[in-house]
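Engineer: The primary structure of each chain is shown beneath.
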Amino acid sequence: MDFTPHTEADVERMLGAIGLADIDDLFAHLPATVRIDRPLRLPGPLSEPEVIEMVDAYGAKNRSRLVCFAGGGIYDHYLPPVVRTLTMRPEFVTAYTPYQPEVSQGVLQVLFEFQSMVAAIMGLDVANASLYDGVTAVVEAMNMAVAATGRDVVWVSRGLSPRAREALATFASARGIDLVEHPMVGGRTAWDAAAAGPPAAVIFGQPNYLGIIEDYAAATDLAHGTGALSVALVDPMTLGVLRTPGSAGVDIAVAEGQPLGNPRSFGGPVVGLLATKLDQVRRIPGRLIGRTVDGDGQTAYVMTLRTREQDIRREKASSNICTNQSLNAVAAAVHLAWLGPGGLAEVGRQSAAKARYLAKRLGQLPGVTVAVEAPFVREFPVLLPVDPARVVAAMADRGFLAGLPLAGDYPEFPGGLLVAVTERRTRRQLDGFADALKEVIADG
Amino acid sequence: MDFTPHTEADVERMLGAIGLADIDDLFAHLPATVRIDRPLRLPGPLSEPEVIEMVDAYGAKNRSRLVCFAGGGIYDHYLPPVVRTLTMRPEFVTAYTPYQPEVSQGVLQVLFEFQSMVAAIMGLDVANASLYDGVTAVVEAMNMAVAATGRDVVWVSRGLSPRAREALATFASARGIDLVEHPMVGGRTAWDAAAAGPPAAVIFGQPNYLGIIEDYAAATDLAHGTGALSVALVDPMTLGVLRTPGSAGVDIAVAEGQPLGNPRSFGGPVVGLLATKLDQVRRIPGRLIGRTVDGDGQTAYVMTLRTREQDIRREKASSNICTNQSLNAVAAAVHLAWLGPGGLAEVGRQSAAKARYLAKRLGQLPGVTVAVEAPFVREFPVLLPVDPARVVAAMADRGFLAGLPLAGDYPEFPGGLLVAVTERRTRRQLDGFADALKEVIADG
Amino acid sequence: MADPAGPAASSPLVGAAAEPTLRDLSVAGRRAWSFPELDVPGAALDLPEAAAELPALPEVGERDLVAHINRLAQRNFAVDIGAYPLGSCTMKYNPKICDWAAEHPDFRDLHPGTPAHSVQGALEVLLAAEEVLCEITGMERASFQPPAGASGEITGLLIMRAYHQERGRQRTKVLIPDSAHGTNPASVSLAGYRAVQVPSNEHGLVDIDALEAMIDDDVAGLMLTNPNTVGLFEEDIVQMAELVHAVDGLVYYDGANLNAILGVVRPGDMGFDIVHSNLHKTFATPHGGGGPGSGPVAVTGRLAPYLPGPMPERLDDGSVGWVMPSASIGRVHGNHGNFLVVLRALTYMRALGGTGLRRVAERAVLNARYLAHMLSAAYDIPYDKPCMHEFVASAKRIKNETGVRAMDLAKALLDHGIHAPTMYFPLIVDEALMIEPTETESPETVEAMAAAFADLAVAARTSPEELHEAPHRTPVRRPDEARAARHLVVTWSMEDGDD
Amino acid sequence: MADPAGPAASSPLVGAAAEPTLRDLSVAGRRAWSFPELDVPGAALDLPEAAAELPALPEVGERDLVAHINRLAQRNFAVDIGAYPLGSCTMKYNPKICDWAAEHPDFRDLHPGTPAHSVQGALEVLLAAEEVLCEITGMERASFQPPAGASGEITGLLIMRAYHQERGRQRTKVLIPDSAHGTNPASVSLAGYRAVQVPSNEHGLVDIDALEAMIDDDVAGLMLTNPNTVGLFEEDIVQMAELVHAVDGLVYYDGANLNAILGVVRPGDMGFDIVHSNLHKTFATPHGGGGPGSGPVAVTGRLAPYLPGPMPERLDDGSVGWVMPSASIGRVHGNHGNFLVVLRALTYMRALGGTGLRRVAERAVLNARYLAHMLSAAYDIPYDKPCMHEFVASAKRIKNETGVRAMDLAKALLDHGIHAPTMYFPLIVDEALMIEPTETESPETVEAMAAAFADLAVAARTSPEELHEAPHRTPVRRPDEARAARHLVVTWSMEDGDD
Ligand SMILES: Cc1ncc(COP(=O)(O)O)c(C=O)c1O
Ligand SMILES: Cc1ncc(COP(=O)(O)O)c(C=O)c1O
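Protein chains in written order, with the working numbering: chain A, 1 to 444; chain B, 1 to 444; chain C, 1 to 499; chain D, 1 to 499.
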């Protein structure tokens with residue numbers, strides 16, 4: 001295929017106008033030693049129907065229709081078609097970052113509404129216009145806390161997503177930040193007030209990676225007692241049934257926003273949410289949309305507090321983020337509006353009720369126990385009598401994505417499998433899952 | 001689900017404003033004898049996820065992925081995704097007929113471009129803004145010819161689509177129009193100049209229903225010799241390789257436009273095309289878009305020659321058509337522009353070459369013969385040694401929609417199967433089809 | 001817009017320039033199409049009647065094509081942009097879930113010639129939709145072959161004709177109220193009947209005495225819209241039906257707009273024999289700028305044998321097959337009608353259920369009644385009967401006092417961000433503005449309509465000339481329609497004539 | 001627009017009113033959501049940390065939500081509407097077939113935690129894309145974990161750091177030209193390095209003598225964009241790389257915009273060790289109003305062990321699995337990066353093939369060179385070297401003579417139906433207008449850009465005040481950005497402050 005409109009005659013004419021004889025002359029001033037005198041060795045070109053054939057062929061090698069019980073930040077919630085329909089408007093899809101507000105009010109206002117709704121569900125003052133994902137949002141929160149406190153130690157719950165802890169490790173060392181891990185006891189963080197400090201931040205998951213509800217006060221009091229910022233990685237789909245992090249004293253709340261408007265997408269593109277208190281607004285990473293008026297007094301939206309950003313502040317910027325996940329934020333905004341207060345509550349209520357139902361069913365299977373006593377919301381760890389990796393493989397043959405094995409991240413749970421439930425799972429699927437698991441375990 | 005925005009409070013308030021106490025009072029003035037005092041006995045209501053479940057369940061009972069060799073007006077050509085993307089813009093999908101040109105320039109201009117491109121591929125002066133489908137377009141053409149000539153006899157080739165001949169019969173009798181059928185010999189129409197007449201129209205298919213190329217001059221000379229209008233039902237996807245009906249002297253060319261921009265859709269919605277000469281323009285049925293200027297001299301498009309239409313002319317209208325197939329016409333326009341001259345020619349060339357290849361392969365199978373000698377374009381009849389209906393069923397089990405049995409429409413071809421080929425069929429599919437057919441025949 | 005204009009100057013966001021046509025954008029050698037190389041022997045085809053040259057189509061690349069169509073879309077108003085109170089057109093919001101259904105590959109990619117055993121799902125959809133439609137209309141059987149309302153009308157009238165013919169009668173007249181939609185008389189003519197107008201009375205209803213006087217045994221039937229096109233319910237409907245039945249005529253219900261009666265009254269209970277309805281008005285198919293639609297015809301048991309065919313039927317083996325009704329009028333569409341539109345309608349009817357459909361009627365009427373009430377101060381509402389889902393207001397008084405016509409008011413409404421109502425229809429009301437808010441508009445939106453209309457009534461007095469010039473913000477304004485007909489340019493190959 | 005305004009008054013087609021927010025549209029009790037009844041026992045949950053009240057979200061029905069978002073979309077410019085010559089942003093047209101691929105259910109519905117055996121197709125896509133990217137850049141291995149260019153930069157710099165650390169060095173400096181994109185210095189700081197600016201010479205290229213003087217063994221590496229941000233090719237690149245390598249520093253290629261060099265030159269052949277590229281600029285992912293993107297990092301063989309992980313690898317059994325590189329810097333994204341963007345890129349790269357990618361470079365440069373040539377009459381082109389895919393023009397002379405600034409010209413361009421170029425970047429050029437026509441614009445469109453710019457140069461002299469006021473047709477004009485920062489309103493719950 002060819003997406004350049006130029007005909008040979010066009011090329012001739014244009015070359016003539018700029019006084020060149022041959023198309024290669026465009027590159028005559030490049031050092032001959034580095035110019036390549038051969039075509040790139042690549043498959044293709046393909047016609048459009050052949051491209052479709054290729055993508056279908058790759059796709060056929062995926063089991064994309066497994067009934068999903070995997071979570072860990074990415075969930076299979078119901079996504080109404082209207083969200084894609086609206087999000088895929090070409091005016092959103094093919095616009096750049098809204099540098100020219102006169103012709104960008106659409107993107108700007110939707111992102112303003114996104115910020116407003118994210119701040120609302122978090123119970124905090126302000127939110128930014130999106131980050132890459134939940135895990136990098138945790139890293140940005142760490143950087144905010146370090147900048148805010150001038151400290152270089154960060155306390156991290158072992159219950160925080162292992163992926164987030166890995167990313168923190170990747171970015172902390174280069175900047176000389178020490179990460180101190182606090183253990184879990186009975187599925188909840190056992191904070192050690194005597195750990196090396198003082199910390200810039202106290203970071204935990206709510207619910208934590210095992211799906212267990214942490215004690216908010218334990219973390220936020222600890223943080224505030226030491227003058228640190230409390231940072232919570234929350235599950236947005238539980239915010240209809242759990243109190244807001246803001247109301248619980250969290251200073252920076254971050255989240256993996258995928259379940260809001262975005263398909264699982266093999267993990268990307270998704271969207272990171274970050275909300276905080278007004279006093280931290282000048283340390284917020286990335287885009288921030290503000291409301292103002294234009295010359296005629298007309299309401300208008302613009303990117304604001306730009307001096308935080310890399311293109312203005314360069315090496316002193318609050319973050320290096322530039323391109324973010326705007327289109328995914330648009331999808332999240334549309335989905336949040338579709339859900340409204342009642343819908344978000346219903347998602348939480350049904351997911352939790354169905355998770356309990358499944359946990360009960362699984363707990364009755366021979367050799368299977370729910371790993372911890374502590375209350376969970378919609379995701380929970382079970383201990384299996386058989387190697388979870390083998391169980392997941394066998395369950396896939398039965399049409400289920402059974403969950404995420406825990407042993408790799410938590411050796412303390414050798415037979416552990418993390419099972420997630422959403423409102424989308426029907427009772428038939430829950431019962432089918434339990435029955436299939438029973439068979440698989442029986443087969444050993 | 002509920003798509004009315006009213007809350008109970010809204011309803012209260014509004015009823016109060018108009019002085020009513022109860023919502024049922026809105027209907028108090030209706031005769032009590034006919035008011036129903038029970039809810040309608042219907043399944044539902046369903047939530048959105050349940051609606052999806054229902055549609056998926058019905059869909060699962062269709063074999064929608066059969067490799068398609070059926071034609072007869074509806075074909076499986078390659079439909080580029082860009083056509084749907086553009087056609088489904090909500091501004092096209094959710095607009096009414098463009099009665100207010102000031103806010104309808106989008107639909108009006110696309111339909112003007114549709115008319116222009118349809119006229120171009122037909123080689124005629126003017127085209128309308130769409131009819132229901134190809135078959136009803138034939139009926140409209142008959143009515144135009146009757147109005148133009150004041151005659152009440154119409155000559156019809158037996159090679160014309162049986163569906164079109166059935167529809168002509170449905171509508172002719174009520175208006176006292178006699179249909180005279182002209183036989184086929186060797187797959188082509190054997191016109192009988194001595195048939196009862198004089199005719200208002202001479203109607204034939206090009207290619208005819210068997211896929212055979214008719215002799216244009218035989219039909220048009222006959223028509224013009226008797227002062228009738230010649231009417232051809234053409235296959236738009238062959239117009240890149242066959243001459244235009246206009247250049248061949250056809251007065252009214254009609255077509256099933258489905259392959260232009262529209263999926264097979266179980267036969268509807270599709271789109272009927274109708275093009276004719278300028279001297280017939282005031283008899284054209286349905287919408288016609290014209291170009292003009294507005295008060296500021298700005299180019300503008302409007303519906304024109306409205307006095308032909310039912311809302312103005314009422315019982316004297318050229319047709320009763322009102323709602324037509326605009327959105328399908330938009331899709332056809334986008335697809336025609338995507339194809340351009342080269343693409344339409346390539347579709348015709350490849351479809352024809354592949355049809356010949358398959359006909360050759362099938363002709364080599366034991367007991368199978370190509371039914372007629374005469375040259376075809378991309379669809380052709382074969383005679384099978386086994387009941388075609390049974391063959392089609394057995395081929396479906398092998399993943400093919402083998403074609404359309406002929407015996408019902410043409411008893412003279414008891415073992416006949418009409419096989420259609422498009423550019424989309426790969427050599428692998430063509431060979432697979434031949435191999436599968438061989439097996440099926442062998443199994444009897 | 002500033003000159004010279006860049007490509008996007010026709011986008012209302014930044015300009016008001018005319019959008020060039022594809023032919024203006026065409027450059028020899030450009031292309032969007034892309035196919036694999038031919039993978040079978042491609043010897044010269046040497047076909048008879050072969051083309052001498054390539055089709056005269058424009059040559060554009062994908063990039064220019066995409067931008068062109070997107071810009072054109074932005075130049076069009078639509079329900080999904082804002083309120084569209086176009087009377088008799090039922091421009092309600094249609095749920096996106098129904099669009100999803102119509103795009104479902106298990107239906108979208110079906111060939112109509114697929115044998116019944118391989119399309120049981122599609123046939124069951126037709127049966128299920130038929131059941132719902134019959135319960136709503138109080139009829140026995142329904143055919144979905146008619147692709148639109150007008151097609152439903154001619155189908156129903158051919159059934160009427162077949163009914164009388166079988167009884168050896170050559171009746172010639174079909175009675176139609178003077179307020180009838182234009183397709184009614186047009187369909188009557190196509191069916192070989194003569195349309196005879198029944199006058200309306202001062203209440204906007206059929207003058208039943210006049211009707212009675214017209215009844216004789218040359219009357220094949222009566223064709224009626226109820227609620228009629230002025231939005232009023234024909235209260236004497238039962239008597240009217242009896243009058244027609246007395247001469248063994250048939251009563252036809254134009255149910256293009258069922259919104260107002262869903263779950264309230266049923267044509268069958270009122271004495272109707274034949275009912276067509278517009279799925280594209282009442283049952284969740286957006287209008288697509290003029291289609292596609294679906295105009296199913298439902299009939300009483302005794303008329304079922306005349307329905308067009310083939311019809312889907314549940315067979316003894318439990319599967320669904322195609323069966324030709326015993327006395328079928330024949331085929332009225334090339335395939336099975338606009339099937340995907342029927343699928344949309346079924347999803348909508350199931351999503352709402354009986355209670356939801358009744359709610360549609362209640363709120364459609366409530367919105368109309370509420371709006372009529374708010375307008376009655378500044379506009380004449382010619383009839384004293386309470387309206388159903390729509391109503392007609394007259395600008396006659398305003399015109400007499402200010403010279404501002406219904407057309408001026410309709411155009412000016414566009415400047416208020418609301419689509420114009422239907423103008424000058426029905427013909428029995430001077431300076432008619434026919435207004436249908438529909439049930440999917442919120443009270444706030446209905447109030448915004450009322451405020452805009454009120455504002456216009458004032459403006460008609462304060463600045464009539466401004467209204468004569470309206471609209472003021474749209475990319476084109478009052479195109480010259482007379483010129484369009486005089487200097488006919490209906491393809492880009494025709495020379496633009498000039499005055 | 002006329003008051004009172006109806007709902008669509010914010011659609012540029014009929015009005016210029018502000019669009020209300022969802023909060024303005026919210027009415028207690030409205031809803032769009034719809035779920036089945038709970039089908040398991042739903043006893044009270046009594047969770048700890050339970051919510052006391054419902055989330056403070058707006059309440060709107062589907063109809064109002066749909067119209068609201070559609071109206072907002074119409075208030076936004078986009079490539080699919082018209083030309084968007086925004087320098088350094090590569091706002092080219094992206095083929096719809098790539099959108100189709102990104103929506104493919106076999107990929108869209110995959111959970112990232114699915115074991116490798118069930119997602120072989122996805123892993124093969126990653127391997128295939130890696131191969132192509134390595135051939136294009138002349139590198140050995142590449143990671144697609146970085147979700148955008150800036151993320152690619154920090155990833156590359158952490159690899160640089162790991163390289164030196166493994167060799168027991170604590171280097172502190174990374175050299176960056178003064179023309180570098182803002183993300184470069186920001187990333188350098190995040191990587192724990194100090195960014196040291198290398199000056200440009202009068203040709204707009206890196207001053208190689210100044211560079212040589214800065215080289216010492218405290219230099220971890222050099223970070224370079226080539227073609228640089230003024231659109232010129234760094235002709236001394238080979239020597240520069242040698243200078244840095246001489247102290248065992250690493251040379252980093254900011255390949256955010258590869259358009260100009262596809263199939264022409266390869267960073268690897270120029271001596272670069274680390275390359276990030278932006279799939280969302282060069283490889284068919286539209287920009288989405290600010291993302292998502294994908295910023296893969298490709299490296300030479302010796303640096304492959306440091307890449308983030310896990311990486312997809314072909315295993316002995318022929319399947320593809322996840323493997324952690326031996327000295328990996330660790331994880332930089334929660335999952336596998338923006339996978340669907342990579343899928344788009346692969347479809348694009350395959351559709352074009354080697355010849356097609358070279359054509360992209362040729363025509364991107366041809367369009368830029370042609371436009372620069374046409375502009376040179378009225379605008380200063382500060383450097384004498386031939387440009388690559390983009391160029392910088394300076395409005396300095398115009399400003400001095402007329403007071404019209406680059407900003408005025410950029411805004412006025414909108415009134416011509418063309419998006420504004422990048423303004424005031426790079427910082428080394430006064431009144432910079434950075435212009436990138438891209439290869440997907442036709443010669444006619446490029447000529448329309450030239451005509452518009454020429455018109456503006458004239459207008460600057462004839463009617464400067466009109467340009468100070470531009471744009472004139474857009475729904476809002478020159479919003480007060482200072483006020484936005486002074487009276488911060490970043491959510492609808494914050495009080496709008498007033499001056
Ligand atoms: C009352 C009435 N009858 C008949 C019709 C004709 O229906 P259609 O446009 O689907 O042919 C319409 C709609 O235009 C109508 O409003
Ligand atoms: C030269 C250059 N480098 C780096 C970047 C940053 O890339 P991203 O916005 O994807 O983070 C960009 C684009 O903004 C760029 O143009």
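Possibly wrong hints are sitting among the right ones.
[As the list claims (entries may be wrong)] Examples of chain A residues lying across from chain B (beta carbon under 10 Å, computed): (1) Glu48; (2) Pro49; (3) Glu53; (4) Pro80; (5) Leu86; (6) Met88.
Worth flagging that the hints you see were computed from the coordinates, not collected in a lab.
Bear in mind that the values here come from a model prediction, so they are computed numbers and not experimental data.
Think of the CB as a built atom: it goes at the ideal place given N, C-alpha and C, for glycine as much as any other residue.
Engineer: Tell me the hint numbers this structure goes against, listed in increasing order.
Structural biologist: none
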